[in-house]
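Participant: Heads up: the sequence shown at position 524 corresponds to 523 in numbering that gives the first Met the number 0, and the numbers run straight through without jumps.
One should not assume that every hint holds.
Under the rule of at most 20 angstroms between Cα atoms (straight-line distance), these lysine to aspartate or glutamate pairs were calculated in the EDC-like manner [what the hints assert, rightly or not]: (1) 532 <-> 449; (2) 453 <-> 441; (3) 321 <-> 384; (4) 321 <-> 399; (5) 353 <-> 338; (6) 310 <-> 429.
Just so you know, these hints were derived from the structure itself, not from any lab. Since the model is a prediction, treat every value here as computed from it, not as a measurement.
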Amino acid sequence: MKQLFTFVTVFFLSCQIVRTASPEKKQEIEKTAVEEETKEEKIELKSITADGESPPATKINMDDYQPNENEEKSPYPTAEAPAEEDEEEPEMPVGPRPRPMSELHLKEKAVPMPDASAFFIFSPNNRFRVHCHRIVNDNIFTNLILFFILLSSISLAAEDPVRHLSFRNQVLFYFDIVFTVIFTIEIALKILGNADYVFTSIFTLEIILKMTAYGAFLHKGSFCRNYFNILDLLVVSVSLISFGIQSSAINVVKILRVLRVLRPLRAINRAKGLKHVVQCVFVAIRTIGNIVIVTTLLQFMFACIGVQLFKGKLYSCTDSSKQTEAECRGYYITYKDGEVNQPMIQPRSWENSKFDFDNVLTAMMALFTVSTFEGWPELLYRSIDSHMEDVGPIYNHRVEISIFFIIYIIIIAFFMMNIFVGFVIVTFQEQGEQEYKNCELDKNQRQCVEYALKARPLRRYIPKNQYQYKVWYVVNSTYFEYLMFVLILLNTICLAMQHYGQSCMFKEAMNILNMLFTGLFTVEMVLKLIAFKPK
């Protein structure tokens, strides 16, 4: 019995070992484990929404994924995937290609209302303040104010500044009444005046609404914390002060009335593109400080050189026949408008040029006019005619002195001014790159993608007729292009050789050459018409 019991125990242990070591059973166990791991794996897809926020991750079960049966597969497995069972998972697209924010039509979010109170009266939960906040951030209100600004600018330009009771001003007056009745009935009942009162009242109402919604200036996010809002407040305040002082004889009032031309600047705060341009200009101004210093030093250096060259040498007598100040005495005869029959007697006077180089400050001012290219030839000719200190000019006495002005124009007017323009352009480009700050692609990669999307196949015309093809082949050859280039160059040289006082033989030779070149260019035109056809 003991031996039988031992035999049965050994038999069961052997069966268990054989069952465990079976390759089919082992493969089945591994397959079951792989299936359980596959069920637990998920693929998260991220999609880019229009407002830049990522939606909740979407999970896809691998059990539900079915490959396309019509998809062509390579019959030979790769080294990474030796069998069909170890096939790689398909790559899922992460999202659409990146686009700049300017191409996306995003809905602008309203500026949130600050938590602090407005005017120490209206709390953030006040109904009147909430209503004002909704009105201020409404697109209709913004567009209406922009329309008012446009009308105010037109009305300001249409006024007759000389005749206050002219027909034009009367028409504007009736227009103001109609405009007031339609858009601001309450203001029309209280105010009877011209367009300035109407528009100023509307803009004042706008600022009061905004200050009520956002507060005045004490807390963060208030109305006066924005530079563009301060510009609006300044323009409206100038109009209100000018209306408060009724006497038009006061000089201060006249100045304030002139400052009404700042009204069109209020459109900057309403137009996003204009605001972006102004911001770029201010950023560029902050970054060109070193360029301004270098330009000022160069201007100062040229001014010092100009003082050494021209100090006291640009004086002249009104009577050109006198050369010194001692001789420039008494009277002389001149003719009105160059008419010999209208002589006039004028006293002689020793006068300096409008722009001189007697000291560094006036020299810098004179050189500044040269850099603007406005009226600088007169200063150039006056400098060329200069002779000695306290001596009148002599015609073309120092022609070589013009090199000073040429060098100054090249360095300051051309080189340094272009550096200023380049800095502004670079600033605009950097601001444009800010739209791609959240993009995974760098600038070169984006340019490659845009080039690939915009690329178009080149179309080349090749004639089918064998004779036309031979002409086309000759016309498109490199040697033909070089030949035509040489002919154009020779024709240009012949045209440049013509001069005043040329002999008859030279003139005949030039005419023959011109006829020859004209015939050759005609042959070229005919060959190209045959090769490419008129259309």
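Participant: Give a verdict on every hint.
Facilitator: We went through each hint and held it up to the structure:
no.	hint	in the structure
1	532 <-> 449	violated (35 angstroms)
2	453 <-> 441	holds (18 angstroms)
3	321 <-> 384	holds (15 angstroms)
4	321 <-> 399	violated (25 angstroms)
5	353 <-> 338	violated (26 angstroms)
6	310 <-> 429	violated (46 angstroms)
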